[in-house]
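Construct all of the structure, not just a fragment, from the sequences and the given hints.
4 protein chains.
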Amino acid sequence: MDMQWFLDRDAFAGLLGIRLLEAGPGYAKTAMDLTDQLKNGAGIAHGGAVFTLADLAFAVAANSHGKLSLAVAASISYVKAGKGKTLFAEAREVSLGGKMGTYAITITNDAGEAVAAFQGTVYRKDMPYTRETA
Amino acid sequence: MDMQWFLDRDAFAGLLGIRLLEAGPGYAKTAMDLTDQLKNGAGIAHGGAVFTLADLAFAVAANSHGKLSLAVAASISYVKAGKGKTLFAEAREVSLGGKMGTYAITITNDAGEAVAAFQGTVYRKDMPYTRETA
Amino acid sequence: MDMQWFLDRDAFAGLLGIRLLEAGPGYAKTAMDLTDQLKNGAGIAHGGAVFTLADLAFAVAANSHGKLSLAVAASISYVKAGKGKTLFAEAREVSLGGKMGTYAITITNDAGEAVAAFQGTVYRKDMPYTRETA
Amino acid sequence: MDMQWFLDRDAFAGLLGIRLLEAGPGYAKTAMDLTDQLKNGAGIAHGGAVFTLADLAFAVAANSHGKLSLAVAASISYVKAGKGKTLFAEAREVSLGGKMGTYAITITNDAGEAVAAFQGTVYRKDMPYTRETA
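Chains as they are written, first to last, in my numbering: chain G, 8 to 141; chain A, 8 to 141; chain B, 8 to 141; chain W, 8 to 141.
Simulated from the structure, these hints should not be mistaken for lab results.
Heads up, some of the hints might be wrong.
Heads up, the list lumps identical chains together, so a pair's fine if it works in one copy or across two of them.
[Unchecked claim] Pairs of lysine to aspartate or glutamate, EDC-like flavour, derived with a Cα cap of 20 angstroms:
hint, residue 1, residue 2
1, 92, 40
2, 106, 133
3, 87, 40
4, 87, 100
5, 87, 43
Here's what the structure looks like:
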């Protein structure tokens with residue numbers, strides 16, 4: 008499923024170098040190379056960068072159904088310092104209703120170890136949102 | 008209270024142009040000009056950028072006590088599209104224990120309207136963290 | 008503002024002995040006596056009981072505007088073991104939009120110390136919800 | 008793995024009628040019959056009861072390693088009204104470190120549909136916690 012247009016429109020994703028690896032109905036996987044500018048004062052992946060990587064997987068998965076979906080709440084648990092060459096985020100749909108959708112996103116490192124866990128909810132507007140209408 | 012050194016060491020804060028306006032024991036206020044590269048495909052402040060602005064206020068407030076404090080969990084509710092020239096985040100300490108600290112952060116726009124609400128918890132390591140030791 | 012009818016209809020609040028102390032537009036304060044049946048295996052207030060006390064303050068505050076408001080997401084940070092005779096929860100409105108509302112709730116003990124911090128978001132249905140319509 | 012002693016010590020779990028169906032290292036499954044006293048004013052499962060059901064699965068999974076583990080933060084997304092005869096919560100370990108552990112809990116109804124998603128983090132004390140030491 009081609010959701011690359013969604014990333015192309017997202018300037019902040021571009022600033023962080025976030026890439027879309029895969030997308031499907033209610034599903035998305037993103038990646039981000041851990042460059043120095045994405046680090047905090049302790050020299051590890053910044054919590055905000057890790058959040059954003061997950062947020063993009065969340066947004067692509069939620070908007071994959073062609074209806075404009077806006078995040079209303081998200082929570083993240085940081086379980087391991089983000090290190091290595093690349094971080095990955097994989098979003099899967101927990102539930103999809105008419106007005107709301109909920110997604111669970113797992114963030115991992117090169118070794119496949121969990122770095123963070125993210126949970127988010129969107130509000131689905133009655134407005135089409137596709138490559139053609141965006 | 009001078010916590011500017013904390014921001015200076017944070018490369019990702021620099022990338023986003025986040026500034027520290029004020030800091031005190033358990034308190035911090037940050038600001039971020041809403042440039043185009045901080046926006047999402049809908050042309051408003053990216054959820055990840057809003058989160059990061061709040062995260063920095065959170066981090067400065069938590070580390071203001073001179074002990075290395077690492078975020079373990081955070082949650083954010085988005086209440087209004089982030090627009091205008093500048094966004095602000097103000098962190099206050101809800102509770103400070105020996106091992107854990109909890110903070111509430113409010114994100115507002117130029118007009119003083121709430122854009123998001125953020126709540127975060129840190130784990131406080133037995134390790135000094137100051138301008139001198141960082 | 009009289010929101011006692013809201014508590015009266017809530018069987019689970021009755022089971023826990025949760026009382027409404029005060030209510031106003033976007034505001035509520037609840038109390039719960041810390042009986043033995045509300046404790047966990049460590050002999051302190053159960054996390055689920057503390058959550059429920061806050062949830063009731065949240066629900067009353069959100070429904071105070073006369074429109075049916077359903078929780079879509081909530082997060083809680085536990086900052087101190089819940090002990091003593093009574094716990095209190097105070098909800099204030101962070102933001103109120105047409106479809107969503109966000110609330111911050113602080114849970115305290117007899118000594119006024121913070122026990123937990125709670126943040127919640129409701130979806131506001133286009134359905135009146137008052138003493139008369141409930 | 009026998010963790011029934013954990014439930015037996017938990018008075019609040021008893022008040023709600025929460026049962027432990029299964030437990031293993033970092034894993035637990037709980038159940039709760041949806042009696043009238045667990046409902047809210049709308050006649051559906053109370054958000055606080057759903058939270059508590061998940062919290063127990065979370066607590067058993069986290070304490071299964073024999074070390075006292077206390078919840079520091081939790082977040083829940085409600086995705087469907089809780090109805091039917093019984094609700095279930097299944098906790099799996101996202102990550103286990105020396106001091107912290109993170110768990111994802113899914114709450115479902117009789118039909119296996121998701122009712123809520125819960126994410127929680129514990130602080131692991133340097134204190135044994137088993138049937139013998141509790």
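Outcome of the hint check:
1. In the homo-oligomer, the alpha carbons of residue 92 and residue 40 lie at most 20 angstroms apart inside one protomer (6 angstroms), although the nearest pairing across protomers, at 30 angstroms, exceeds that limit.
2. Taking the shortest Cα distances, residue 106 and residue 133 sit within 20 angstroms of each other both inside one copy (8 angstroms) and across copies (13 angstroms).
3. For the homomeric pair residue 87 and residue 40, the shortest alpha-carbon distance inside one copy (17 angstroms) is at most 20 angstroms, but the shortest distance between copies (31 angstroms) is not.
4. With identical chains, the CA atoms of residue 87 and residue 100 are at most 20 angstroms apart between copies only, with a shortest distance of 14 angstroms across copies and 24 angstroms within one.
5. Only within a single protomer do residue 87 and residue 43 lie at most 20 angstroms apart by alpha-carbon distance; the minimum there is 18 angstroms, versus 32 angstroms between protomers.
Comparing the model with each numbered hint stated earlier shows that all of them hold.
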